[in-house]
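These protein sequence lines are chains V and H, in that order. For any residue, its number in this note's numbering is found by taking its place in the first sequence, counting from 1, and adding 418. For any residue, its number in this note's numbering is found by taking its place in the second sequence, counting from 1, and adding 6.
Worth flagging that the hints you see were computed from the coordinates, not collected in a lab. Watch out, some of these pointers could steer you wrong.
[As the list claims (entries may be wrong)] Below, a list of computed lysine-lysine pairs in the DSSO-like style, where the Cα atoms sit at most 30 Å apart:
#, chain 1, residue 1, chain 2, residue 2
1, V, Lys766, V, Lys707
2, H, Lys129, V, Lys638
3, H, Lys97, H, Lys129
4, H, Lys79, H, Lys97
5, V, Lys638, V, Lys844
6, H, Lys97, V, Lys755
7, H, Lys79, V, Lys654
8, H, Lys79, V, Lys844
9, H, Lys79, H, Lys129
10, V, Lys766, V, Lys755
Since we're looking at a predicted model, the values are computed, not measured.
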Amino acid sequence: MEFLNHFGGVFEPWAFMLLLGGTIGGLILGATPGLSPTMAVALLIPFTFHMSATHGLVLLGAAYTSTVAGGAVSAILLKIPGAPANIATALDGHEMARRGEGARALHLSFLSSGVGGIIGILLLIFLTPVLAQWVLKIQTPHVFWIAILGVTVIGSLDSKSFVKGLLSGCIGLWLSTIGYDEIQGTERFIFVDALSGGIGIIPALIGLFAIPQVLDMMAKGRVNALVEALEVPRQKLADSMRELTRYWRALSIGTVVGAIIGLIPGVGGQIAGLVAYDQSRKMSPQRAKFGTGHPEGVVAAEAANNAMVGPSLVPLLTLSIPGSPTAAVLLGGLLIKEIFPGSDIFVKHPDVVWTFINSMLIGQVLMVVFGIMIAGWAAKIARAPAPIMAAGVLVLAVFGSYSVGQSVGDVHIMLALGIGMFILEKFGFSAAPLVLGLILGPIAGDNFTQGMTLAAAQDGPWVYFFTGTLNIILITLVVSSIAYSFWNNMLARDDTPFDEPARRDAK
Amino acid sequence: MTSNRLQHIVPGLAIFVLASVVTWLSFTEQPAQSFLFPRVISVVFIALATWNLIRAVTGMSKIGRGIPVATVKNLAPGLAVMLLYVFFGAKNLGFYLGSVLAFFAIYSFYDPASWSSARDWIKRILVSVAFMAVIYALFAVVLQVHTPRGILF
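Let the hints inform the model, and build the full structure from the sequences given.
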């Protein structure tokens, strides 16, 4: 119950102000189509440079939780998911809004997000220290395999194409090796001067996530990008709260599915919402109503994508492996503050970590309160014209990536990666595995080099990396992850031939 | 061969060339100790890049619609502004002047409102200046980030 001792830190004036600002700002950013939680957190990281580690993490944590929930606003009112996590919410939520039940859908969405989110954070509070003790048994080769596992999981699940997902992860791993090798003091793959310091995580994150969205907005040309928002008539909150209890089944399924998926390194909230929606539909006596504006669909999807938030930080804080792409960005935020996740994080930085986790718990409550208050207003923000959004995000990306190291080279890298990612995305590649490769690359690389040195002094690399119970378990997981994705990819046959795009659209 | 298949082959080939260069450098550059991990990555990288290229050539690579010509035409002016802004304007004109010009250019070009209305031009100028004022307040005043001044501001 150590976390109870650190609640005071959340209510310090500056920390609470950041929590409030992060929550409200996150809700607005989340409601803005195209600004995903990952991008919102990535854009906020430069603002944390001048803050203490605790305050910076409070801001990022608040933005993380509220952007995920805020994405439901545009999903319900505009049928444009604010983030991939809200795709399932749009299926029934928008149909409800079209029937004039927008406020009901928004209330149910924020309330179920709050319930799922609080349970998720409680799991984080109670599971993390337990796992942190267990993590003490983990050694160099195990960390290497865990890093590889993280890349394979996200590389295979976040991309529609198995080979392109793994290839993206591989490109990320290679990018992470660019720059000076600190152990040998030699240059690696420095083709231009801007690369001499290596590829910084933050400029890369901003470029990979923000620039493709700017280019996507521009790709539509001079069209009227304004989308008509639906009217949101008033609805009593008490009625919505009573109604939520009637949907206990969808709420439970969403929360459990979200929490489990959050614990798996690298899976991400977008999958949690869709899997929970699917499971809830399969188990509902009213399954035929799903997709026609059934509240259970909104409740299951929103409970899941917020229940995922807390557990996604468990592998992050104990194993340095993010449970979602946004958690991967948070890992960057932790590393910048010289807080290295691992078994001893609760011993070395108890104040920082517990205040951060507690702030996310309080943030869930604030998210529900402010979410319901500003839902209607946020819909107007969501109607910001695309040209202003494109120009604004570009300028913010340039300033954000420059401010990290006050280097114009970082801005060049940011733009180059962004344009490259935009092209790759058009051919089925995904930014998430690439970013994870970039982040996990140094962890895998350092442990590999260290392991090889230790192995040379012991029984050789084969024995060191491929024997022992934990090594075998982890290798099995890596192989299973790749095999499952390969099998799934073969079965799904989701990839419509490129010569027949019209037929796919007609479905 | 369809144009779409060709569109998949071009990036497939580019990634294959990149993977080949990475593999070649990883195995030829010294000291070997420094390139141990890149060597492991490059072996997987070249294997996956080859697989991806084979899929593209045989028409099995189906995910992604490629980049249609209409998209390129729409993107061209915005992309030109982005490149000029990042690689020339920001450093030579000054970060804030370069940014406000880039913001104004992108907003004006992609704004569906009339180009012949003076009222719309005033609105574009006001929005651009207001946005940059917020950015200036945030980065220069609050965060005290020192940006390149260039010839102006």
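Against the structure, the hints come out as follows:
1. Lys766/V <-> Lys707/V: 52 Å, violated
2. Lys129/H <-> Lys638/V: 22 Å, holds
3. Lys97/H <-> Lys129/H: 27 Å, holds
4. Lys79/H <-> Lys97/H: Roughly 27 Å separates the two Cα atoms, so the pair holds.
5. Lys638/V <-> Lys844/V: Roughly 14 Å between the alpha carbons, so the hint for Lys638/V and Lys844/V holds.
6. Lys97/H <-> Lys755/V: Status holds; Cα separation ~29 Å.
7. Lys79/H <-> Lys654/V: 50 Å, violated
8. Lys79/H <-> Lys844/V: Holds - the C-alpha atoms of Lys844/V and Lys79/H are around 16 Å apart, at most 30 Å.
9. Lys79/H <-> Lys129/H: Holds, because 26 Å separates the two Cα atoms, which is no more than 30 Å.
10. Lys766/V <-> Lys755/V: 13 Å, holds
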